[in-house]
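A.B. asks: Fit chain B to the supplied structure of chain A, relying on the hints for placement.
In order, the protein sequence lines correspond to chains A and B. Here my numbering is used: the first residue of the first sequence is 1, the next is one more, and so on. Here my numbering is used: the first residue of the second sequence is 116, the next is one more, and so on.
Everything labelled a hint here was simulated from the structure, so no lab data went into it. Computed from a predicted model, the values in this text were never measured in an experiment. Incorrect hints may have been included.
Below, simulated DSSO-like cross-link-like pairs (lysine-lysine); rule was C-alpha separation at most 27 Å, straight line [said to hold, decoys possible]:
#: 1; chain 1: B; residue 1: Lys157; chain 2: A; residue 2: Lys64
#: 2; chain 1: A; residue 1: Lys66; chain 2: A; residue 2: Lys55
#: 3; chain 1: B; residue 1: Lys116; chain 2: A; residue 2: Lys55
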Amino acid sequence: GAVVSQHPSWVICKSGTSVKIECRSLDFQATTMFWYRQFPKQSLMLMATSNEGSKATYEQGVEKDKFLINHASLTLSTLTVTSAHPEDSSFYICSARSQGGYGYTFGSGTRLTVV
Amino acid sequence: KQEVTQIPAALSVPEGENLVLNCSFTDSAIYNLQWFRQDPGKGLTSLLLIQSSQREQTSGRLNASLDKSSGRSTLYIAASQPGDSATYLCAVYGETSGSRLTFGEGTQLTVNP
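With the rest of the complex left out, here is chain A (with noise of 0.2 Å):
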């Protein structure tokens, strides 16, 4: 089966540094992955598509220039959130879309608490 491997699992930060996560997929070239954002007890939130080779397409009301999204390779993605602050804390996915009738495969995702 597809496997997109994200790292890391957890990470505390301080107020003002930048985070990168990193997103893998393992068995398959994904040629778009998807960066979710998660609130406690909430659904997904789709914050960006990110084609390879190209610039990230962002949803609505999500900050671009906080929010890096960097797809060089058909196997890795990166989310760098910039200048985190405490309301940036939340549980972060990735994911990606297989071929040979897999769907959509999920990291596991990434919890972020800004200190």
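C.D. replies: Same frame as chain A, now just chain B:
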């Protein structure tokens, strides 16, 4: 705009019961529907993927059906176990959503020993 609704929002059952989770969507022009499971603090695990041309999919104790014309899907869990306790999410992928999934709000299932 596609909207996905899941009922009930929460469900608590004793171990061994058979149960049904419901999902409805407003735009029937979908390519597929996917059921996921999410444990607390974890990512999503795909359970079943139903293509628009299919009526149902089965995996172990799970059976998912799809009635595209009426905009409904059900997830049937047989002989529920405490380990089935999780949030179950339904998501559709269709013509009106580009390449994005549209999620329901989920059903939080608790199976009591």
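A.B. asks: Against this structure, judge whether each hint is valid.
C.D. replies: Verification of the hints:
1. B:Lys157 - A:Lys64: Judged against 27 Å, a Cα distance of about 25 Å means the pair holds.
2. A:Lys66 - A:Lys55: holds (15 Å)
3. B:Lys116 - A:Lys55: holds (25 Å)
This entry satisfies every hint, going by the numbered hints stated previously.
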